[in-house]
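Quick mapping for you: the protein sequence lines, in order, are chains D and X.
Sequential numbering of the first sequence, starting at 1, is according to my numbering.
Sequential numbering of the second sequence, starting at 1, is according to my numbering.
In case anyone wonders, no lab produced these hints; they're calculated from the structure.
Backbone N, C-alpha and C define an ideal beta-carbon position, used for all residues, glycine too.
Heads up, a few of these hints could be off.
[What the hints assert, rightly or not] A few chain D positions that, by computed beta-carbon distances, are all more than 12 Å from chain X: (1) R32; (2) P44; (3) R46; (4) K70; (5) L126; (6) V131; (7) L134; (8) G135; (9) L152; (10) G155; (11) G170; (12) A183.
[Unchecked claim] With the Cβ distance kept under 7 Å, some of the chain D side facing chain X (calculated, not the full set): (13) F252; (14) L333; (15) A376.
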Amino acid sequence: MDYTGLIIVAVRCVIMLVFLLSFIPVLIWAERRGAGFIQDRPGPNRADVFGVRLAGLIQPIADVVKLLFKEDVTPRNVFRPFYKIAPAITMTVALVTFVVVPLADVVHVAGRDVSVQVSDLDTGLLYLFAVSSLGVYGIMLAGWSANNKYALMGGLRSSAQMISYEIAMGLAAGVMFLLFGTAQLDDMVRAQGANPLGWGVVSIPGLIAFVMFLVASFAETNRTPFDLPEGESELVAGYHIEYSAFKFAMFFMAEYVNMVVASGLLVTLFFGGYQVPFLPTETIVQHAPLIAKVVFGGAALVLAGLGVFAFTRYRPGKYGDNRDREPLVVGVLLLVLAVGAAGVGFLPGVIPGIPGYEHRTVATLLAAALQIGTFAGKIALFTWLFIWVRWTLPRFRYDQLMRLGWTYLFPIGIFNLVLAGVWVLASSG
Amino acid sequence: MFEQILFYFFAIVAVISAVNVVAGKNPIACAISLIVTLGALAGVFVLQDAHFVATIQVLVYAGAIMVLFVFVIMLLNLGPEDLDKEGRFTRLKGVGVLFAMAGAALLIWNFADYSAAMARIGPGYGGLEQISGKLFTEYIIPFEAISVLLMAAVVGAVVIAKREL
């Protein structure tokens with residue numbers, strides 16, 4: 001039994017889950033504060049822990065606690081099996097889609113090269129489409145089993161919308177197949193390279209495919225302007241009307257996970273995935289000690305500076321309660337992080353027992369950490385784009401939505417495929 | 001050994017959900033059981049090294065065709081009362097089961113020993129590259145013929161739908 005292999009797979013699963021799920025509270029905060037910012041109002045800033053408010057970062061914790069402790073009402077005439085299983089399907093599909101997305105380049109651990117995606121399927125991108133087409137069932141079953149006309153309408157609308165825009169997504173990704181010559185996402189990211197001029201979006205078919213994939217992602221995740229299924233002004237809450245407490249929380253979280261997964265795919269296909277701009281993996285691995293000191297030392301300096309700045313903003317007596325201590329809390333937090341960063345940057349190799357950055361395992365781990373950080377940053381940018389568009393654009397009417405998917409995106413997608421074929425032929429001479 | 005456990009798991013799930021498709025009471029439960037059967041079959045395909053077919057099975061059959069089925073059942077609002085009453089056509093059902101068992105026996109008898117065929121094909125035959133290589137070189141004419149067939153189906157569906165508008 002290959003125990004090391006099993007442990008490695010388990011660790012990869014845990015890393016992927018932690019990566020995905022840790023975006024959720026931040027996204028909830030960003031959505032509500034961002035919505036407030038766009039609408040020229042503060043957004044939630046009252047939730048606090050012992051008087052410390054942290055600009056509304058406590059609000060997601062309050063939301064989750066509320067949803068967990070709410071009464072779980074199951075209406076009388078629902079179809080029990082599907083009613084219970086629909087949120088689980090939606091959440092599972094959302095999480096499982098991320099399995100083929102590479103979080104970082106290959107890491108050298110325990111004497112073997114390990115890839116940082118959970119599974120290295122040879123059908124790569126096709127697996128992605130297969131799983132996301134299963135996501136339709138979660139919504140359909142939720143809408144139907146709730147025994148409610150509004151839910152049924154929402155469910156049917158959503159499934160029709162999702163199927164229509166899956167085609168646009170498939171055609172856009174097919175273009176990236178052609179341009180990079182591989183279906184596996186980690187090969188695609190490696191082919192894009194660290195130089196931003198090699199990224200998927202830089203070619204003409206790539207740019208068209210990017211716009212198509214972006215629009216299709218908005219439709220697939222049921223986000224405005226395509227959120228007719230949960231049209232809050234028309235269908236009350238659409239397909240998740242009859243859900244309360246934790247099942248609703250699952251739908252709620254699944255929407256954010258879907259957003260993160262869609263952003264992850266956009267970044268992987270079009271913006272170089274985990275590649276740090278201008279720093280390919282071999283460069284990082286070769287110059288690991290220097291890069292570690294520069295990056296972590298620089299981070300430590302910046303964090304320490306911010307911490308000291310936070311301390312200088314302490315004004316006793318401004319509010320008269322524990323909110324005065326907030327700058328102190330933030331300052332202490334930042335200083336602790338600064339010390340941690342300095343430790344990570346300078347200690348390996350100096351303390352006996354921790355191998356230094358010349359050691360191949362530690363160097364590849366450093367590269368992986370930097371790449372995961374870059375990936376998270378790019379995903380953050382795109383999820384901010386999702387949130388931004390949600391609070392800017394009005395909702396599409398249903399026939400406009402269908403017309404966009406079938407009569408505009410579909411022909412553009414096919415034309416783009418032909419264009420990509422010609423492009424590949426021309427550039428390979 | 002691990003593969004055997006996986007195979008038995010997928011096979012049992014497939015058989016149970018297939019029986020539920022035929023014998024179930026609620027039409028949507030039957031449709032969902034069919035989806036579970038297709039998923040279990042995809043698992044069996046993966047165990048046989050046919051990754052591409054497994055993925056396409058989930059993508060096309062379970063992900064698109066079954067969505068259509070479930071859609072129609074939901075739109076027509078079919079419930080348990082719309083299925084046939086119990087106890088009809090018992091003799092025909094019995095003959096059907098006999099035919100199914102005979103067919104299964106025939107398949108097992110013919111394909112129980114496939115090692116000769118496997119030796120001819122070689123490893124890695126089910127991957128994306130291998131299948132697409134064969135599909136676009138040796139079998140290009142059947143491939144294009146199938147696309148024409150699908151287009152004929154689409155045109156026919158549009159003609160029939162437009163007639164009723």
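Quick rundown of the hints versus the structure:
At the 12 Å boundary, the C-beta of R32 of chain D stays outside the reach of chain X, the nearest C-beta of that chain being 33 Å off. Non-interface status of P44 of chain D relative to chain X is upheld: no Cβ of that chain comes within 12 Å, the nearest being about 38 Å off. The claim that R46 of chain D lies off the interface holds: its Cβ sits roughly 43 Å from the closest Cβ of chain X, which is beyond the 12 Å cut-off. Here K70 of chain D stays apart from chain X, with its beta-carbon at least about 28 Å from theirs, past the 12 Å limit.
The non-interface label for L126 of chain D is inconsistent with chain X: the shortest C-beta to C-beta separation is roughly 5 Å, within 12 Å. For V131 of chain D, the shortest C-beta to C-beta distance to chain X comes to about 8 Å, within the 12 Å cut-off, and the non-interface label is violated. Not every C-beta of chain X lies more than 12 Å from that of L134 of chain D, the closest at about 6 Å, which undercuts listing it as non-interface. A beta-carbon of chain X is positioned within 12 Å of the beta-carbon of G135 of chain D; the least distance is around 9 Å.
The non-interface label for L152 of chain D is inconsistent with chain X: the shortest C-beta to C-beta separation is roughly 7 Å, within 12 Å. Consistency note on G155 of chain D: stated as away from chain X, yet its beta-carbon is not over 12 Å from all of that chain's, at 8 Å minimum. Under the 12 Å C-beta cut-off, the non-interface status given to G170 of chain D relative to chain X is violated; the minimum distance is some 9 Å. Residue-level check failed: A183 of chain D sits 5 Å from the nearest beta carbon of chain X, not beyond 12 Å.
A least Cβ separation of about 24 Å between F252 of chain D and chain X goes past the 7 Å threshold, and the interface hint is therefore violated. Residue-level restraint check for L333 of chain D is violated (minimum Cβ-Cβ distance to chain X is 46 Å; threshold 7 Å). For the restraint placing A376 of chain D at the interface with chain X, the shortest Cβ-Cβ distance is roughly 28 Å, beyond the 7 Å limit, so the hint is violated.
Comparing the model with each numbered hint stated earlier shows that hints 5, 6, 7, 8, 9, 10, 11, 12, 13, 14 and 15 do not hold.
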